[in-house]
Amino acid sequence: MGTGPLIAVNVMLLYIILGPVLLFAIYVLFDSLDPTGRMKKDSASEKDPALWTSDDIDANGFEGMCLDRRRNQI
1 MGTGPLIAVN VMLLYIILGP VLLFAIYVLF DSLDPTGRMK KDSASEKDPA LWTSDDIDAN
61 GFEGMCLDRR RNQI
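Quick note: the sequence shown uses this note's numbering, first residue 1, plus one each step.
Calculated directly from the structure, the hints in this document are not laboratory data. Computed from a predicted structure; not experimentally measured. Even for Gly, the Cβ is constructed at its ideal location relative to N, Cα and C. Please note that the accuracy of each hint is not assured.
Stated by the list, open to error - What follows is a list of derived Cβ distance ranges for each label pair:
#1 Val-28 x Thr-3: 32 to 40 Å
#2 Ile-26 x Leu-51: 33 to 41 Å
#3 Gly-19 x Asp-58: 46 to 54 Å
#4 Leu-23 x Asp-48: 25 to 33 Å
#5 Asp-34 x Ala-8: 37 to 45 Å
#6 Trp-52 x Leu-22: 40 to 48 Å
#7 Ala-8 x Glu-46: 50 to 58 Å
#8 Leu-51 x Gly-4: 53 to 61 Å
#9 Ala-50 x Val-28: 26 to 34 Å
#10 Leu-13 x Asp-56: 48 to 56 Å
#11 Ser-54 x Leu-13: 53 to 61 Å
Given the sequences, and given the hints that come with them, work out the whole structure.
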């Protein structure tokens with residue numbers, strides 16, 4: 001194998017190995033610049049409307065779900 005292909009293979013290996021490490025280091029750098037050190041939580045909504053408990057389902061009576069009050073029947 002000639003010198004050119006060896007250099008190309010070595011450069012590709014460097015990119016494959018050091019690329020993710022460098023991107024992770026940049027991510028850690030930007031993350032450390034945040035003064036609070038964590039993501040800010042949106043305190044406007046405490047309860048997630050997409051998560052229903054069984055009490056919520058029973059209280060709504062399957063309205064809007066095209067079900068006729070019997071489970072698993074359309």
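Verification of the hints:
no. : hint                        : verdict
1   : Val-28 x Thr-3: 32 to 40 Å  : holds, 37 Å
2   : Ile-26 x Leu-51: 33 to 41 Å : holds, 35 Å
3   : Gly-19 x Asp-58: 46 to 54 Å : holds, 53 Å
4   : Leu-23 x Asp-48: 25 to 33 Å : holds, 32 Å
5   : Asp-34 x Ala-8: 37 to 45 Å  : holds, 39 Å
6   : Trp-52 x Leu-22: 40 to 48 Å : holds, 44 Å
7   : Ala-8 x Glu-46: 50 to 58 Å  : holds, 56 Å
8   : Leu-51 x Gly-4: 53 to 61 Å  : holds, 59 Å
9   : Ala-50 x Val-28: 26 to 34 Å : holds, 32 Å
10  : Leu-13 x Asp-56: 48 to 56 Å : holds, 55 Å
11  : Ser-54 x Leu-13: 53 to 61 Å : holds, 55 Å
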